[in-house]
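As given, the protein sequences belong to chains P and F, one line each in that order. In terms of the numbering used here, the first sequence opens at residue 1 and continues consecutively. In terms of the numbering used here, the second sequence opens at residue 1 and continues consecutively.
Keep in mind the hints are simulated off the structure, nothing from the lab. All figures in this text were calculated on a predicted structure; none of them were measured in a lab. Not one of these hints is a red herring.
With a straight-line Cα cutoff of 20 angstroms, these simulated DMTMM-like cross-link-like pairs (lysine to aspartate or glutamate) come out:
hint: 1; chain 1: P; residue 1: LYS17; chain 2: F; residue 2: GLU139
hint: 2; chain 1: P; residue 1: LYS10; chain 2: F; residue 2: ASP129
hint: 3; chain 1: F; residue 1: LYS147; chain 2: P; residue 2: GLU25
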Amino acid sequence: MIYDLRDFSKAPFGRYKSDGEFSGEAFREILANKLKYSQEHNEPLIIKLDNVYGLGSSFLEESFGGLVRKGLFTKEELLESSPRLLQIETEFDFYAIEIESYIREAQS
Amino acid sequence: MSNLIVPLPKAFDAKVKDGKVYVESPKVMCVYSAESAYMTYEFLSLIESYVFDYNVGVTISFENLEYFSAAASLLIFATVSKCQIGVKDHSKIEVLFPKNDAVLKLMASSGLKLALKQGGIAKVRKLIDSNNQYLSGSEVSIENYQKVLTATLLNLDKHGVNFSNTKSQIFVKGMQEAILNVKYHAYNDEFIRDFLLTKQVKSKFSFHEETGRGRWWQCCWHDVSNNKLIFIIYDDGEGIVNSIKRYYRNSPEHSDKLNLPDSTLLGNAMKLGVSRTGIKERGKGSADIINTACTFPSSHLIVMSGLGHYRHDSAGINTTQLPFEIKGTLVQWVINYVEENQDDI
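Work out the full structure: start from the sequences and follow the hints.
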């Protein structure tokens with residue numbers, strides 16, 4: 001399954017829903033549902049991050065790190081399953097690296 | 001008016017005129033150099049004092065202005081718009097624009113002239129709707145963080161910024177975190193409580209409670225001729241320095257740091273991963289902010305708070321004491337922005 005972040009917002013912003021309509025907390029809810037579906041069907045969820053204005057660390061940490069912090073998934077489920085459940089597609093490697101670090105830190 | 005005692009400093013040619021206090025700006029308004037910074041900030045503080053402490057109308061003359069720097073322009077916008085929002089009768093605040101054609105032209109083309117024109121909160125919100133370079137937002141939904149950020153991005157888009165570009169992405173990352181920092185740190189409950197308690201001695205008007213809590217001011221533009229992206233943000237909240245002092249007061253292991261100069265405290269606050277919330281996953285915003293400064297040559301980050309001045313660029317970090325005490329926090333990025341191929345990165 002592929003999900004394009006632009007379908008959520010071209011200008012995602014903030015950590016909590018109180019920060020605005022397109023926050024990390026709001027995106028995490030969508031992510032969690034799609035990950036659950038993908039997990040049940042043993043297929044990866046590919047998140048496309050490009051063609052948005054920019055992604056702040058608060059947004060990314062709450063969206064992706066929050067998946068583990070809130071006990072929705074473990075880092076093993078997200079990153080170490082075969083096929084890898086969560087895959088990030090972006091021309092900017094630093095986003096993929098950042099996201100993975102938040103997931104790993106959230107479980108440590 | 002004739003019975004009211006208000007300060008009328010000669011340095012700003014201050015006088016009572018047409019029922020208002022008339023003040024003349026310094027010829028140079030700039031907070032980067034010690035020489036002009038003190039007078040710039042004193043001028044702006046005086047205007048705010050007339051409106052909120054003495055409750056008098058003001059004619060603010062920029063007629064003899066010959067130069068204004070980017071950060072000073074934001075502080076001008078912040079002061080003037082705060083006064084404009086804070087009075088019921090808009091005619092109480094009058095702005096006279098520069099007589100120097102080049103300065104006036106720069107004010108107009110930058111969006112500052114529109115931002116300073118007469119009007120209250122409706123004018124400020126119209127700036128957001130029109131994606132002006134100078135914007136002010138608050139927690140009120142009609143002018144909230146998301147709306148201001150979107151207006152900023154649309155403005156950059158309109159002025160040719162390519163967002164499929166590493167530098168643009170990192171710039172926006174840093175910008176987002178700076179705006180969020182205002183929400184999470186600038187106006188905490190303890191500060192609002194203490195601020196209101198002291199201010200109520202002089203004035204029953206609570207600016208932030210009545211016009212929108214968490215207010216901040218920002219300017220952002222693409223300087224095409226110099227290949228720069230510029231973003232400056234200012235709040236008149238607690239300030240990073242006071243915030244760190246409060247954190248240290250509440251942490252016995254850090255109490256020895258309270259006597260450090262503001263410049264050092266500011267440097268401490270800017271270290272990566274420091275979050276005054278004490279929550280591990282918070283405090284990541286500083287990395288974004290610092291990355292925008294030190295990743296690219298000819299780019300820099302400046303932060304001013306209290307008496308502290310912090311500069312970070314590819315050469316390293318430099319902290320100094322300011323010649324004036326700035327209320328709140330001002331953060332400025334200048335990023336060298338040149339179109340690039342992804343293959344070159």
